[in-house]
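Residue numbers (numbering that gives the first Met the number 0), protein chains in the order written: chain A, 0 to 331; chain B, 0 to 424; chain C, 0 to 294; chain D, 0 to 246.
In case anyone wonders, no lab produced these hints; they're calculated from the structure.
Fair warning: this is a prediction, and the values are worked out from it, not measured in the lab.
Please note: incorrect hints may appear among the correct ones.
[To be verified] From chain D, some residues computed to sit far from chain A (all C-beta separations above 10 angstroms): (1) 0; (2) 6; (3) 7; (4) 16; (5) 36; (6) 62; (7) 63; (8) 67; (9) 170; (10) 190; (11) 223; (12) 226.
[Stated by the list, open to error] Cut-off 30 angstroms, straight-line C-alpha distance, at most; resulting in silico cross-link-like pairs (BS3-like, lysine-lysine): (13) 135(D) <-> 322(A); (14) 112(C) <-> 40(B); (15) 417(B) <-> 128(C); (16) 128(C) <-> 226(B); (17) 254(B) <-> 420(B); (18) 135(D) <-> 6(A); (19) 163(A) <-> 351(B); (20) 226(B) <-> 138(A); (21) 78(B) <-> 163(A).
By construction, the Cβ of each residue, glycine as well, lies at the ideal position given by its N, Cα and C atoms.
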Amino acid sequence: MTRGATKYLPLLPVYLIYLVLFLVAEGMPGMWQLMAMLVFYCAVGQAFNIFLGMTGYVNFGYVAFLALGTYGMALSIYHFHQLPLGVGIVLLGLLLAVVMAVLLALMVGAVALRLGGAYFAIATIGVNEGFRYLIEGTKIWGGSEGIIFSKQLLDTFGREVANKLSTFWADVSVLIIAALAALITLHFIRGKTGYALMALREDEEAAKVMGINVTKYKLIAFVTSAALAGLIGAMAWGLKLTYVFPPEAFDISYTVEGIIIVMLGGAGTLLGPVVGGLLYGLAKYWLTVILPGFQLLIFAPIIIVVVVAFPEGIVGMLRQRLKGTPFEPFVL
Amino acid sequence: MRSKISAVVLGLLLVAALSWSAEAGAPAKVVIGHPVCLSGKFAKEGSQASWGIKACIKWINEVHGGVKIAGKRVPLEYKFYDSESKKEVVTSLIERLVRIDKVHGIIAPYSSGLTITGAPVAERYRAIYMSHGGASNRIFQQGYRYAVQILSPATLYQAGTLDMLHKVDPGARRIALAFEDGEFARMVMRGAEEHAKGLGYKIVFKRTYPKKVTDLTPLLSDLRAAKPDIILGGGHFQDGQLFARQMADLDINVKALSLIVAVTLPAFYDALGAKAEGLIGPAQWEFGVKYNPAEAKKLGLEWFGPTNEEFVKLAMEFSGGKRPDYHAAEAGAAPLVFVKAVEEAGSLDPDKIREAFGKLHLMTFFGEFKIDPDTGLQVGHSMVVVQWQGGKKVIVWPPAAATGKLYYPMPTFAEKAKGKKAIPK
Amino acid sequence: MTWEQLGGNLIQGLILGGVYGMATMGLSLIFGVLRVVNVGHGAFVMVGAFVAFWLFTALGLTPIAAIPAALVVGMALGFLFFYSVMRRLVGAPELTSLLATFAMGIILEEVVKLIFGTEFRGYNWDVGKMDLSVTVLPLAKLYAFIGSVAIAALLYFWFNRTRAGTAVRSVVEDSEGARVCGVNVGWVYALSFALGIGLTVTSGVLLTMFIPVGINPYMGGVYTLKAFVIAVLGGLASPYGAFFAGVIFGLIENGSYSLFALVPGLEPFAMTRFLSFAILLLILLIRPTGLLGTK
Amino acid sequence: MALLKLDRVTKRFGGLVAVNEVSLEIEQGELIGIVGPNGSGKTTLYNLISGIYHPDEGRVFFEGRDITDLPPYERAHLGIARTFQISRPFGSATVRENVAVGALFGTLHGQIGVEEAMEVADRYIELVGLTPERDKPAGALTPVEKKLMEIARALAMRPKLLLMDEAMAGMHPKDIDKLVAFLRKVRDEEGIAIVAMVEHIMRAVVGMAERVMVMHQGRKMVDAPTAEALGDQRVVDIYLGRPLEEV
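All chains, please: the whole structure from these sequences, using the hints.
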């Protein structure tokens, strides 16, 4: 096998998981939405991992990027549905989602990425909350009432297609975004960016004197992560749910879920967020059925145990175990 | 040998006969699915809803004798999962209910947001989708074909209050609106503003406050300066409690104070005590409301379902003795009207059921039911207005449902602190 | 807007700000000593609110009696969490400590939910009112303010006049230096964490004296966010900075309401929230260690 | 033209002057020792050269170019590398990855890819004798191995100037001799100027440095060929009157 091909081996288990999820969802009646939920968590974990996992910085306002993506899709369909764009309106929504997420990331990055860890975490919470209150206070984008665009979607595409877009293509798109995120993650880890991010995560000052433009690489990771989040928001929250309300879109608990997924699976690894997303989503789904109301009480101590005893996460531990075995090249 | 063959033939015939009857005849049962919020932020409303639904399903099966379809009576079943009040979970559960459990109709989860969340999935699988806690009018402006609203839409929340106050004291003209900044309360405020203007009221103050607010002092100071006669406001429970409490702290006195949601809950009086005396609030339903078969007859409407007393008794069998509130009632009405629509349609085909829904006009313990045939928006049901009088909630409007008279104007907070009760003479 | 309204709002803001400031001192103390941001801060405020609520409704004790009780409960919780979890996380990356403190908050919320349920509760401690002509001030609010100032003053005394306080101060300034000078840094960590939590729980009592309704297991989130803004305003690592920043924050929150109300088309209340986060970002942009920070 | 030139640089912290009007010139390929007690301003001086601090007064030149306002990473690209007093490996990464970071982002940055960087890394790992430890996480190395790894990492940057901060502290004298010989060899082969900063270990200074600068209370006190500098009475006085060799 050539060196080039070996490089892509770690993608195999990730894509295998996604393929199995897709096949189960397609083949078993009633499983589609559950799979969509799992893929959503995997995708969020992957997007988040690119910044949080690889740099070690905690972006507590991460959900703001998902929210902006949702608004991108909502604004596109709500305002431009009369343009003769056809499916192009969805593409326009995606474009808007990415552009808005990236712009916010650049603005926040310019201010906040110069700050140390704790200050950065607080600043990003501030961005998330501040943005939400800006929307509500100035009444832009529907203010606190948000945007509902089911009607515009129905008017543009007709009932059949609109339903298919919301309940099938939106989920498939999240799957594709997740696959894309995996590819980008691999490219980062194996490339120069990955070395820079590893160095700055371990010791930022040492990284600087080693010639690494830490601000640049942090910004690369931050913007990439934000753009992916924007795409996920546009599809998983926008096109799928066909509405956006600010308090839900900026709900900080999704940020925390993202952090938990990354930590559980293994920060900075390729496979980690996928495994973390799967486990978290499944646990949540089954606890909902078995012990409704006790999910959080069960999750919280698990979080503490994971961060205290297994900070490298499941995949991190797995990598140690598999060292020297034939499986090693597949797990990253 | 021959007996064997005949046995096989007989068996085949039997199978064919059974499968034929299953396809063309009545189904073995009718199932309603519900992604109910048993935990998370709507746990309280969701539990109430499940009690109300279970109570009415029991009534259907035991008193009504099941669902009458294709000349037979088949039992009605309730299939539910906890949606945790989370949007991700709602979509997967609705799909599961339709595809795996093969339910014939779905009751939406509580709240406008979650109701909209599930709507596209219900639409995709052509499932009747009954909103018992999604008051927002906007849900029914989206063109959903299978969505049906059971409760009064948000824009009508304060209509009854305004009609009542207009009748009692036409001289009080200055109205202040102070609502929570959110999709539901804003919709209520919009409806109230329009209705008030129609009655000739003067809006002297109109502001909102954010969700989860902890101190309303600055807003209330400005409100006091606007010198209103009547205040309409609120959003949910926590802010309503804060609203009334800080009105008392700042000693702001008006002739009438109506807060949506909060006032109707027993915990409101528990937390505020005498400060709650004389406050009014709109409710979708209230324990003791006078809707009954006689009232229906007077209006020329068909009565269907248990009476109020029967409903409360049944619901308390499932609630472990807790009193059902209006969340239980509005949800309980859903299976009743669903069964009625199925029986009228004589079929479980969703399009036929939906058509029958459009023609339905009847009264249940929850009040009138009539939807706009095109959008599914509720147009028949009206809200009741309640007032705290001597620690008891009394229904004061509309006259058809009222159990007592309005105390007006509301005593001042200073009077209440000295023990004055808002009991009409 | 009239000057009376603005004046009334500012008086209310000053009083509230004092309580806010006291409610942030614990957060700043913990950050100053352990360099850990307590993301579960609000949950501890909530515990204090329930202490006040329970003592009042079940035992008929006034909230003033709940203050020492809350301090004891808080310090006990602080030691418990320190020796079970936080001890292992001193000096760990932010990610770990943020997640751990967040999880601690969830545990508290869920346990309180099991005991008290999710209903919003309130109590009625009516001790009269003062009419200041521009506004009306219930005496309970005034007592809450006086209590906050008194606790802040006691803390100042403890820091500057006692051995233990001096040790804590030396660790805030330079933990390595303190270690060299013979300070038992491990004990200082434990004590500061417990004291920080104790102060936070106590502030929950004072907050319910100010606003005696809306007591619920999930009420703390709002206070966590406010405390972050106030703490950064005050320099994050300085408890007194936090106290004065709280007062300033209260004045800004209430004062700016009257000003935003003058602008048509804006929702003044949401804008006051926006303003507080905008201030947070601005301070971080120009002076990351806070306006009142000494370091 | 001097490789590095400090022109009366000053750095203050609050009221304290950590580095006070220090001027210094270093030529290409020089071996210099900087000596001074704890707190004499040596580390601050390094931070000023590598760009972690910006001087309050004075300018820094590298190959004739004013680099005072350049951030650390750009100085690294020009050819300034350093090690730290307390080793700062990227602990979770392997030795090989650590050293590869140096190759990727040093003077070769933008010219080589990850695979070439690995080859460069292997070469320097072998030079410092860490090949058996190559795939171990750097955090798991012994203190001495960490120092060697840091030197390899710095050399992999292919610098023109290498600043070593207490690189030989805690080493066995035999190892110090080996390291000194190694550094001399590197200097001869690659023409790097090496500055070694030490507090106590005079053996290294005497063995390696051709020139010694002595710092005291933030000022440059002596700057002379090694033997002459170490014999200077003022230098002897700083060290409480003891002959420097014994300290």
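Do the hints match the structure? See the list:
{"no.": "1", "hint": "0", "result": "holds (23 angstroms)"}
{"no.": "2", "hint": "6", "result": "holds (21 angstroms)"}
{"no.": "3", "hint": "7", "result": "holds (23 angstroms)"}
{"no.": "4", "hint": "16", "result": "holds (23 angstroms)"}
{"no.": "5", "hint": "36", "result": "holds (24 angstroms)"}
{"no.": "6", "hint": "62", "result": "holds (16 angstroms)"}
{"no.": "7", "hint": "63", "result": "holds (20 angstroms)"}
{"no.": "8", "hint": "67", "result": "holds (16 angstroms)"}
{"no.": "9", "hint": "170", "result": "holds (21 angstroms)"}
{"no.": "10", "hint": "190", "result": "holds (19 angstroms)"}
{"no.": "11", "hint": "223", "result": "holds (29 angstroms)"}
{"no.": "12", "hint": "226", "result": "holds (32 angstroms)"}
{"no.": "13", "hint": "135(D) <-> 322(A)", "result": "holds (11 angstroms)"}
{"no.": "14", "hint": "112(C) <-> 40(B)", "result": "holds (12 angstroms)"}
{"no.": "15", "hint": "417(B) <-> 128(C)", "result": "holds (14 angstroms)"}
{"no.": "16", "hint": "128(C) <-> 226(B)", "result": "holds (21 angstroms)"}
{"no.": "17", "hint": "254(B) <-> 420(B)", "result": "holds (15 angstroms)"}
{"no.": "18", "hint": "135(D) <-> 6(A)", "result": "holds (21 angstroms)"}
{"no.": "19", "hint": "163(A) <-> 351(B)", "result": "holds (23 angstroms)"}
{"no.": "20", "hint": "226(B) <-> 138(A)", "result": "holds (27 angstroms)"}
{"no.": "21", "hint": "78(B) <-> 163(A)", "result": "holds (26 angstroms)"}
When held up to the earlier numbered hints, the structure conflicts with none and fits them all.
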